[in-house]
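Q: Residue-level listing of the chains:
Number of protein chains: 4
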Amino acid sequence: MIVVIKSNASPEKRTQLIKWLKSMGLGVHESAGEFQTVLGLIGDTSRVDMDLIESLDIVDSVKRVSETFKCVNRKFHPEDTVVSVGDLKIGGGNFVLIAGPCSVESETQIVEIAKAVKASGASLLRGGAFKPRTSPYDFQGLKGEGLELLKVARQETGLPIVTEIMNLKDLPLFEDIDVLQVGARNMQNFDLLKELGTLHKPILLKRGLANTLKELLMSAEYIMASGNEQVILCERGIRTYSDYLRNTLDLAAVPMLHELSHLPVIVDPSHATGIARMVPPMSLAAAACGADGLIIEVHNDPAHALCDGAQSLTPAAFDALAKKVDSVRKAVS
Amino acid sequence: MIVVIKSNASPEKRTQLIKWLKSMGLGVHESAGEFQTVLGLIGDTSRVDMDLIESLDIVDSVKRVSETFKCVNRKFHPEDTVVSVGDLKIGGGNFVLIAGPCSVESETQIVEIAKAVKASGASLLRGGAFKPRTSPYDFQGLKGEGLELLKVARQETGLPIVTEIMNLKDLPLFEDIDVLQVGARNMQNFDLLKELGTLHKPILLKRGLANTLKELLMSAEYIMASGNEQVILCERGIRTYSDYLRNTLDLAAVPMLHELSHLPVIVDPSHATGIARMVPPMSLAAAACGADGLIIEVHNDPAHALCDGAQSLTPAAFDALAKKVDSVRKAVS
Amino acid sequence: MIVVIKSNASPEKRTQLIKWLKSMGLGVHESAGEFQTVLGLIGDTSRVDMDLIESLDIVDSVKRVSETFKCVNRKFHPEDTVVSVGDLKIGGGNFVLIAGPCSVESETQIVEIAKAVKASGASLLRGGAFKPRTSPYDFQGLKGEGLELLKVARQETGLPIVTEIMNLKDLPLFEDIDVLQVGARNMQNFDLLKELGTLHKPILLKRGLANTLKELLMSAEYIMASGNEQVILCERGIRTYSDYLRNTLDLAAVPMLHELSHLPVIVDPSHATGIARMVPPMSLAAAACGADGLIIEVHNDPAHALCDGAQSLTPAAFDALAKKVDSVRKAVS
Amino acid sequence: MIVVIKSNASPEKRTQLIKWLKSMGLGVHESAGEFQTVLGLIGDTSRVDMDLIESLDIVDSVKRVSETFKCVNRKFHPEDTVVSVGDLKIGGGNFVLIAGPCSVESETQIVEIAKAVKASGASLLRGGAFKPRTSPYDFQGLKGEGLELLKVARQETGLPIVTEIMNLKDLPLFEDIDVLQVGARNMQNFDLLKELGTLHKPILLKRGLANTLKELLMSAEYIMASGNEQVILCERGIRTYSDYLRNTLDLAAVPMLHELSHLPVIVDPSHATGIARMVPPMSLAAAACGADGLIIEVHNDPAHALCDGAQSLTPAAFDALAKKVDSVRKAVS
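Chains as they are written, first to last, in the numbering used here: chain D, 1 to 333; chain R, 334 to 666; chain E, 667 to 999; chain P, 1000 to 1332.
Please note: incorrect hints may appear among the correct ones.
Derived DEER-like restraints, expressed as beta-carbon distance ranges [unchecked claim]:
id	chain 1	residue 1	chain 2	residue 2	range
1	P	R1328	R	K476	41 to 47 Å
2	E	A969	P	K1074	30 to 36 Å
3	D	T15	R	L504	45 to 51 Å
4	D	S84	E	S727	47 to 53 Å
5	D	G25	P	R1073	31 to 37 Å
6	P	G1157	R	F409	48 to 54 Å
7	R	S343	D	S84	47 to 53 Å
8	D	S84	R	L501	28 to 34 Å
9	P	R1276	R	S439	44 to 50 Å
10	R	S439	P	E1029	40 to 46 Å
11	R	G358	E	H695	23 to 29 Å
12	P	R1073	R	H637	26 to 32 Å
13	R	F409	E	H695	26 to 32 Å
Think about it this way: if two alpha-carbon atoms lie no more than 30 Å apart in a straight line, the pair counts; the simulated DSSO-like pairs of lysine-lysine are [stated by the list, open to error]:
id	chain 1	residue 1	chain 2	residue 2
14	R	K451	P	K1329
15	D	K214	R	K476
16	D	K324	E	K989
17	R	K502	D	K169
18	R	K396	E	K736
19	P	K1193	E	K809
20	R	K476	R	K527
21	D	K63	D	K194
22	P	K1018	D	K63
23	P	K1062	D	K19
24	E	K860	P	K1142
25	P	K1021	P	K1005
26	E	K755	E	K860
27	D	K75	P	K1018
28	R	K502	D	K201
29	R	K422	P	K1323
30	E	K809	P	K1069
31	D	K75	P	K1005
Now the stretches of chain E that chain D is said to cover, found in silico as 3 or more residues with beta-carbon under 8 Å [to be verified]:
id	segment
32	867–880
33	894–907
34	910–917
35	920–934
36	948–957
37	985–995
Don't read these hints as lab results, they were simulated from the structure.
In this text, a Cβ means the ideal position worked out from N, Cα and C, and glycines have one as well.
The task is simple: from the sequences and hints, build the whole structure.
A: Listed below in structure tokens is the structure:
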């Protein structure tokens, strides 16, 4: 950690600060310049409150030079993590299509969609049973019943399932679910993350509405630090002043997360744009910039979907898209 | 709800849409213009998926004309809600100073601060026992022990206490806490909100990192729709591209929330700016624009605080501030 | 335009508003509902101040149903506009690579780079002569001399040139320039836009730092309304709270702008990310989602570039990228 | 400047970087740590491209420790700048109310408003003659004629006038104007700033739509570096995802700008909120947190104003507000 001291700081205050820093067990290396004095702090600075030091009168600025994330950091783990779901592999060159409805609505619906997306090349089935909704008056999902219907669809198709968990207390219901999703609104529900860190199954972690890449990685760090190394990161659009699109899909996050971390990174173009006809171009773009997978909403009858029908592809549109995604992946490999 | 149909829509598709809307039990009032046809939907449109209709080929745009929030809405409840904590009142002209440390650290610390802030005019004591932290390696609070220390401080001073609950499963520990705080990162933890809606004690609901006023009100609606009408809204700064301040304190939210809702609105200038010396001017500004209270971090030894020392006032600074806040309130009343 | 009147509005005030609206020459169609009365305004509402009406006590909300942009609107001009630069065509299926240094620095530099990028498939040469810089102490470009050097490079290679104009008074210097660029900071310099609208040469209009798509289209409308139909839109990243990247590249803007407007849309991945190694993946993504071209910074010696060396590709990296872009375009066509 | 080198950098590359830095005339002070090597660069680093160094493979991060702004910096100029307009003073404890219509519309209008706002305590008259409008079809101002009408109002009332200049070529028309305003959209029109720097009259510089405080100060630096020290900074709201307000008024910018710079800082609550009834509370808040003045839109007939009527106060509302602002200023002084 580097602390820059203002040029007009009194020698007494400077000495006092250095003494205090040393009292925390840190080595302090001082180098005086014309306009500033720079202190280099050596030792375990992870418990030092950077903001506090920065707020001192005599301090100009503070910079942390060692990373605050460890487990997720590519520096300390140069090879790509490959997440396994049964025989299926995600990351490290293994690309995956995840597809299914926003919400599970009925057995017929989920089985029919599961069969269709499998035929088009999807290798994981998505579907919401517990639904986080901005309004208490909106459809909140079939909950436990929805999870059972997902399992039926898995049995019929062999597709492993991924679905969102909103609350620790629901955890027992998810025992037989293949991949647990943490939604954008729960990205910083730290108790949930810690608990998921004790499981032995993959976690799909969505970036929060307005979270930075560092915060996303720190949330993944919560899971990994608790012992679970099977984390999949997901970019799903961030909140800006966008006028015609629901969120702003931050595709540059894909190569940047790959540089910072060894974890697989997938993209959700459905929630990012909120408009079905924007899903194909953004899916192709995600594949082109190196995403390890796509999670796409598909509904057999978007006009009657109980939620987010606007952003759902029909099975036919998904089929056409899957083929193009494949072509793009070949073109960039 | 108003649906605007594109001028080039075929009569067949228009008829089909109208038929479908009627099948949902809605009355449809059609008025044709030169460039567009406007449909007015009459009946309970709260279950109609606006995004889905907007995504249809023939639809230009959709507008909801009835409010999606009911319980929190000033339209249906014109008088200010006054929240009671024992004898203490908040809202409807009753202004409250809430003060205390970011984290409870020890009995001496919390009792000493409680006495100091009470002497300066605070009428509620704040203090974190369960701390949401971006990094798993940062201090996470004294948890249950912290709650007990808060109660000791309450006994010593008579100040009711407000502290954050992060997780449903901790609820039993909060039975004897006066006001439960929902932190910014949990503003859309809907299961938590629903459960808090079943309690008979005040909830202090903080605006999320990047949430709109409507989303804040919808989260309050979750609590109220479950039966708890004692909700206090709190503006605490939102995320932008700000360079010198942690967040951007959105003070215009205060008069706007007062216009939209009958609930009391308080301001947290400590988390909004992250810098102790910015807290006094922003506290005065909040009082000037009509806030019903302030929640301010005070620490007897900011330099050794276990978290957020940078944004904590000393008791002396808080005392001076309390006097000025009082003067400003008199000036604007 | 639709005006929604509050349910508690007095009949007198409602009558007064309707009278006032009629006094502006508008037809007013009233339809009363249980909770609101909706007024449909018929006639030329383009001069009606929507914000003013919305601010009236008795008005709940206002919605404009006809588009405010005309010339740029695909509704009134369904075919793609194809912009011509000599024999070169941009848009309507014609893809173009624009490449060159951030700043023109010397004859050797610009000629060498021009030859290299032409060999790799670029069909337009970019290079800054007038440079907008945040700091007055940063290199501001070679100005007139830079324009002359660009012309030398054009003569040597046959590549038409595109360069930024910052100021109306410099216009005479740009007479022999092929394409004039309006930079992000000047997107709403309306006097400049109007003047460029009187020229008979293509204008490359960059999206502003934090402008919406509608604002970008309205700025293009300024140029087109003045008579110049040769406008190329350019997405170059928008300002958010991004931590590891300079801006957030909003690639979904590409298909959305194509839907809203008939103008060609190109992408600048260099300014969007600010990091050379992010340029290839984002270029491929842009090509995959339908961009009509790319504008990429290339420098023969990035380490000694006078500005933005960090985001410049070497000629070799550009050559490799050009080939991949071509593959991706084939894959999605 | 501090350069942090990655731990896995090869000694050859590190030596090469140090050699290159020295070739730019810099002293390099190396201090090796367990995980990183930190280089301290000594000398004139203002011409060093920080982004370029940061982009090198072996570099982890770069930090500038000396300020990039000089003239505007309070470090080098601790006393408040007091801007003079004739006998009127702004800053350094001198508070000023600036009021008037969005647009000058007629002699009667501007003279009547000028008299009214003077009677209520305004000491400067504002009024737009050249209007930047998002749409080319909106009213663009009376231009030269508007300037003449402002002068008539000045003659009638003695109030000095402030009005916006959009373009260098209009400069001769502004010779007899007291204070020139640079609008938000022109904050980074650097040629305009440079030219205004050569004048001997005060410049009111508005913060751009989405500009940081540093960028605002750098734009002021452009003016001051060209010789004009009479700069007034103006916070007018920034762009966010706000739903009920036009912009987000960033009031914490007031004390922060006062800390960073010696220049006076005023606030525009009219453009920040876009709603007349939000102007009084936000004006009081601005006064409470130390603003040196307010610039407020006042119109004698808001319902017929040619622009921004929605955000204009009536003279009576302004009169009431002026009295309250005065009370708040006394309360905080």
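Q: Given the hinted pair K1062/P and K19/D, is their alpha-carbon gap at most 30 Å?
A: Measuring from Cα to Cα gives roughly 25 Å; hence the hint holds.
Q: Between K422/R and K1323/P, is the straight-line Cα distance small enough, at 30 Å or below?
A: Distance ~26 Å between K422/R and K1323/P Cα, so the pair holds.
Q: Hint says 26 to 32 Å; check whether the CB-CB distance for R1073/P and H637/R agrees.
A: For H637/R against R1073/P, whose Cβ atoms are near 30 Å apart, the range 26 to 32 Å holds.
Q: Take the C-alpha atoms of K324/D and K989/E, compute the straight-line distance between them, and say whether it is at most 30 Å.
A: holds, 19 Å
Q: Within 45 to 51 Å or not, the Cβ separation of T15/D and L504/R?
A: holds, 50 Å
Q: With the threshold set at 30 Å, check whether the alpha-carbon distance from K502/R to K201/D stays at or below it.
A: holds, 23 Å
Q: For the hint 26 to 32 Å, verify it against the beta carbon of F409/R and that of H695/E.
A: About 28 Å separates the Cβ atoms of F409/R and H695/E, which means 26 to 32 Å holds.
Q: Okay, the segment 920–934 of chain E and chain D, do three or more residues pass the C-beta test at under 8 Å?
A: holds (count 5)
Q: Given as covered by chain D, does the segment 894–907 of chain E meet the bar of three residues or more with CB within less than 8 Å?
A: This one holds; 3 residues, not fewer than the three required, reach chain D with a Cβ under 8 Å.
Q: Are three or more residues of the segment 867–880 of chain E within 8 Å, CB to CB, of chain D?
A: This one holds; 4 residues, not fewer than the three required, reach chain D with a Cβ under 8 Å.
Q: Measuring from beta carbon to beta carbon, are S84/D and L501/R in 28 to 34 Å?
A: The hint (28 to 34 Å, Cβ to Cβ) holds, given that S84/D and L501/R are roughly 32 Å apart.
Q: Just to be careful, I want the Cα atoms of K1018/P and K63/D compared with a cutoff of 30 Å; is the pair within it?
A: holds, 25 Å
When the structure is compared with the earlier hints, no violation turns up for any of them.
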